[in-house]
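Peer 1: Residues per chain, in single letters:
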Amino acid sequence: MNKILEVRGLSKIYGPGCPHCVESTGPEADTNLCPHCGSIVAIHDVSFDLFEGEILGVMGESGSGKSTVVKTLYFDQAPTGGEAIFFDGDTQHELFALNAARQRWLRNHRFGMVYQNPNLGLNFNISAGGNIAERLLMSDLMDYGAIRERAKALLARTEVLLSRVDDLPKHFSGGMQQRVQIAKALATQPPLLFLDEVTTGLDLSVQARILDLILEIQQELKTAMIVVTHDLGVIRLLTGRAIVMKYGRVIEAGLTDQILEDPQHAYTQRLVASAL
Amino acid sequence: MPHTTRGNAYNFGFLDEYAKKEIRRAVLKAIAIPGYQVPYASREMPMGRGFGTGGLQLTLALIGPDEVVKVIDQGADDSVNAVNLRQFIEMTCPGIATTTKTAESSLIQSRHRIPERPLTSTQILVLQVPYPDPLVVVEPSEDKRKTMHGEADYSRLLVKLYEDIVKFDEITISHRYPTRINGHYVIDPSPIPRWDVPKLNDSAALILFGAGREKKIYAVPPHTRAEPLAFSDVPFRVEDFRDAAGQRRACARCGCTDSFLDEFVGDSGSKTYQCSDSDWCDEYVLRVEHAQGEPA
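Here the protein sequences come in this chain order: H and P. All residue numbers for the first sequence refer to my numbering, where the first residue is 1 and numbers rise by one. All residue numbers for the second sequence refer to my numbering, where the first residue is 1 and numbers rise by one.
It should be emphasised that the hints constitute simulated quantities derived from the structure, not laboratory data. Bear in mind the structure is a predicted one, so any value in this text is a computation, not a measurement. Certain hints may be false.
Straight-line distance between alpha carbons at most 20 angstroms, and here's what the computed DMTMM-like set of lysine to aspartate or glutamate pairs gives [said to hold, decoys possible]:
| # | chain 1 | residue 1 | chain 2 | residue 2 |
| --- | --- | --- | --- | --- |
| 1 | H | K152 | P | D233 |
| 2 | H | K222 | H | E52 |
| 3 | P | K167 | P | D233 |
| 4 | P | K167 | H | D166 |
| 5 | H | K152 | P | D164 |
| 6 | H | K222 | H | D90 |
| 7 | H | K152 | H | E216 |
| 8 | P | K101 | P | D78 |
| 9 | P | K160 | H | D143 |
| 10 | P | K215 | P | D143 |
| 11 | P | K215 | P | D16 |
| 12 | P | K167 | H | D143 |
| 13 | H | K170 | P | E163 |
| 14 | P | K101 | P | E67 |
| 15 | H | K152 | H | D140 |
| 16 | H | K170 | H | D203 |
| 17 | P | K160 | H | D166 |
| 18 | P | K160 | H | E149 |
| 19 | H | K152 | P | E163 |
| 20 | H | K222 | H | D88 |
| 21 | P | K20 | P | E67 |
| 22 | P | K101 | P | D66 |
| 23 | P | K144 | H | D76 |
| 24 | H | K3 | H | E52 |
| 25 | P | K146 | H | D76 |
| 26 | P | K29 | P | E214 |
| 27 | P | K167 | H | D167 |
| 28 | P | K215 | P | E17 |
| 29 | H | K152 | P | D169 |
| 30 | P | K167 | H | E149 |
| 31 | P | K160 | H | D140 |
| 32 | H | K170 | P | D164 |
| 33 | P | K160 | H | D167 |
Here are the simulated distance ranges between beta carbons [what the hints assert, rightly or not]:
| # | chain 1 | residue 1 | chain 2 | residue 2 | range |
| --- | --- | --- | --- | --- | --- |
| 34 | H | A97 | P | D164 | 35 to 45 angstroms |
| 35 | P | V238 | H | S47 | 54 to 64 angstroms |
| 36 | P | P198 | H | D166 | 26 to 36 angstroms |
By construction, the Cβ of each residue, glycine as well, lies at the ideal position given by its N, Cα and C atoms.
Hey, can you work out the whole structure from these sequences and the hints?
Peer 2: This is how it looks when you write it as structure tokens:
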């Protein structure tokens, strides 16, 4: 199996930071707020690998740093430490050592992101088709007809009615907005997709269809994905492997079945028990 | 007013020499980086910002004693803005000559038009700019716009064009058409009509843009690529001035059929069309008279 992403020692501290930050936060300290300098240790020493066509789950409660992981990898935020290597065919990219233009290139051409809030992923003032066009234009496709065809094909694939391709996404339902976001993220057929709480806040039948869509896409395109969620059902359905986070640390990692059936860490045990 | 240049109350060109030097430095940088908006300390001028202070400062910093200056406002030499600017330049730059003839001028300050007559390598065109940044319509933060310019990230401008075609089947931008200079920076070419945008490409003359209120100077150096943003299958096109029958309209005064036309609506609602470039129109009238006057 080909490795897509290798993350080692990823850290992100909000605030000035001090030498005591790391030792005085974490699951043992039961906080992510450093009592010495007031900095928030959002994530510390997060390491994992991701392989081609694999879906990795990141779970944990609110504030555990799971979203920060994907945000740093998608260059929304700069990490304070650690490294990540993206394997793109024969080339390797050391993500955090690239300059801004190269990072933007990777983000536009090789990565895709679906946010929990469609506000972040979509421009509500331009049409659904325009949103997808934006992503295609970022990757230097300059032919109007081709852009239009591709946008329609993507919206059809994500089951958005084609008659609404020129409507503004702000007039769409939450589920449809999420579908447009997925279509936009898939526009450049990226080998790596980040999904940040994609089904949170949607009703159950819509959730189920979105999850089906994600699985179908993974089967069809062999896209590797990192799925961030606090919903154990989503983790169970989508992911093969998962990591569990608490106060910015990875407390458990392994096969999803194993984690859900035989959790080792006390926090994971509580998490699994409370969900059932 | 207690002044006159006769009493040497003002420096030649109104601006002090330090101000001119700073503007010239900004101009050099703008030429060195085609299309890049160079910030400069736009001086207070004895006229409101938005009345061409950016263009005027460029003109006054570049003007020399043997200069022949032409000032255009929307193609005409005799509209209020052009007349006032010309008088101001005459008053503060004693010894220079002014003209209304494009061919005779060495320095042209213009608002909203580029002359029809092709400019030469001995001429400089200065355009007045109200909004220098083409990205302002898609990104309110100047900080982010600078990064976007630096990375040549203009996809959001292209999305505007896409949306235009979706809604109206064509690109509806009538003036200030975003134009990519030398393959990188996209500029707002000031409110010139689409008709004038191709004249920026491979121009023999140096074209300078000055935004007084926004404090920016940028340039399209001679013989530089200037490509209006467009899709590969929906090319950029200029105004065609065709009537309902598909016939190219002609200027009502000179009969020219290959110039940019202004539309005038009469009292009865009737429309007449006339050259926007008044010097071009005058010249064309003379040419027609000359041709008719010749013995057959």
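Peer 1: Please go over all the hints and tell whether each is borne out by the structure.
Peer 2: Structure-based check of each hint:
A hinted pair counts as satisfied when its Cα atoms are at most 20 angstroms apart, and K152/H with D233/P qualifies at roughly 18 angstroms. Between K222/H and E52/H the alpha-carbon distance is near 7 angstroms, which keeps this suggested pair within the 20 angstroms criterion. For the hint pairing K167/P with D233/P, the CA-to-CA distance comes to about 17 angstroms; that is within 20 angstroms, so the pair holds. In summary, the hint linking K167/P to D166/H is supported, as the alpha carbons are separated by about 8 angstroms, within the 20 angstroms threshold.
Pair hint K152/H plus D164/P holds up; C-alpha atoms about 17 angstroms apart against a cutoff of 20 angstroms. Only pairs whose Cα atoms come within 20 angstroms are accepted, and K222/H paired with D90/H is accepted, the gap being roughly 17 angstroms. Taken as a hint, the K152/H and E216/H pair is honoured in the structure, with Cα atoms around 18 angstroms apart against an allowance of 20 angstroms. For the proposed pair K101/P and D78/P, the alpha carbon gap of about 12 angstroms is at most 20 angstroms, so the pair holds.
Restraint check: the Cα-Cα separation between K160/P and D143/H comes to about 14 angstroms, which is no more than 20 angstroms; the hinted pair holds. Annotation: proposed proximity of K215/P to D143/P holds, straight-line Cα distance about 15 angstroms (limit 20 angstroms). At roughly 18 angstroms between alpha-carbon atoms, K215/P and D16/P fall within 20 angstroms of each other, so this suggested pair holds. The straight-line distance between the Cα atoms of K167/P and D143/H is roughly 17 angstroms, inside the 20 angstroms bound, and the hint therefore holds.
Distance check on the hinted pair: K170/H and E163/P sit about 16 angstroms apart at the alpha-carbon level, within 20 angstroms; holds. Between K101/P and E67/P the CA atoms are separated by roughly 13 angstroms; this keeps the pair inside 20 angstroms, and the hint holds. For a cut-off of 20 angstroms, the pair hint linking K152/H to D140/H stands: about 18 angstroms separates their Cα positions. Only pairs whose Cα atoms come within 20 angstroms are accepted, and K170/H paired with D203/H is accepted, the gap being roughly 18 angstroms.
Using a Cα cut-off of 20 angstroms, the hinted pair K160/P and D166/H holds, with the two alpha carbons roughly 13 angstroms apart. Of the pairs offered as hints, the one joining K160/P and E149/H holds, with about 18 angstroms between alpha carbons and a cut-off of 20 angstroms not exceeded. The hinted pair formed by K152/H and E163/P meets the criterion: a straight-line CA distance of about 14 angstroms does not exceed 20 angstroms. This hinted pair checks out: K222/H and D88/H have alpha carbons roughly 14 angstroms apart, not beyond 20 angstroms.
Between K20/P and E67/P the CA atoms are separated by roughly 16 angstroms; this keeps the pair inside 20 angstroms, and the hint holds. Only pairs whose Cα atoms come within 20 angstroms are accepted, and K101/P paired with D66/P is accepted, the gap being roughly 16 angstroms. A C-alpha spacing of about 14 angstroms is found between K144/P and D76/H, which places the hinted pair at or below 20 angstroms, so the restraint holds. Distance hint between K3/H and E52/H is fulfilled; the C-alpha atoms sit about 6 angstroms from each other, no more than 20 angstroms.
The suggested pairing of K146/P with D76/H holds, with an alpha-carbon distance near 18 angstroms, which does not exceed 20 angstroms. Taken as a hint, the K29/P and E214/P pair is honoured in the structure, with Cα atoms around 17 angstroms apart against an allowance of 20 angstroms. A C-alpha spacing of about 11 angstroms is found between K167/P and D167/H, which places the hinted pair at or below 20 angstroms, so the restraint holds. Taking the CA atoms of K215/P and E17/P, the gap is about 18 angstroms. The hint holds against a cut of 20 angstroms.
A distance of roughly 17 angstroms separates the Cα atoms of K152/H and D169/P; the hinted pair therefore holds under the 20 angstroms criterion. With a C-alpha separation of about 16 angstroms, the suggested pairing of K167/P with E149/H holds against the 20 angstroms cut-off. A hinted pair counts as satisfied when its Cα atoms are at most 20 angstroms apart, and K160/P with D140/H qualifies at roughly 15 angstroms. Of the pairs offered as hints, the one joining K170/H and D164/P holds, with about 19 angstroms between alpha carbons and a cut-off of 20 angstroms not exceeded.
Annotation: proposed proximity of K160/P to D167/H holds, straight-line Cα distance about 15 angstroms (limit 20 angstroms). Taken as a hint, the range 35 to 45 angstroms holds for the pair A97/H and D164/P, whose Cβ atoms sit roughly 40 angstroms apart. Checking the proposed 54 to 64 angstroms range against V238/P and S47/H shows it holds: the Cβ atoms sit about 58 angstroms from each other. For P198/P and D166/H, the hinted distance range of 26 to 36 angstroms is satisfied, since their beta carbons lie about 31 angstroms from each other.
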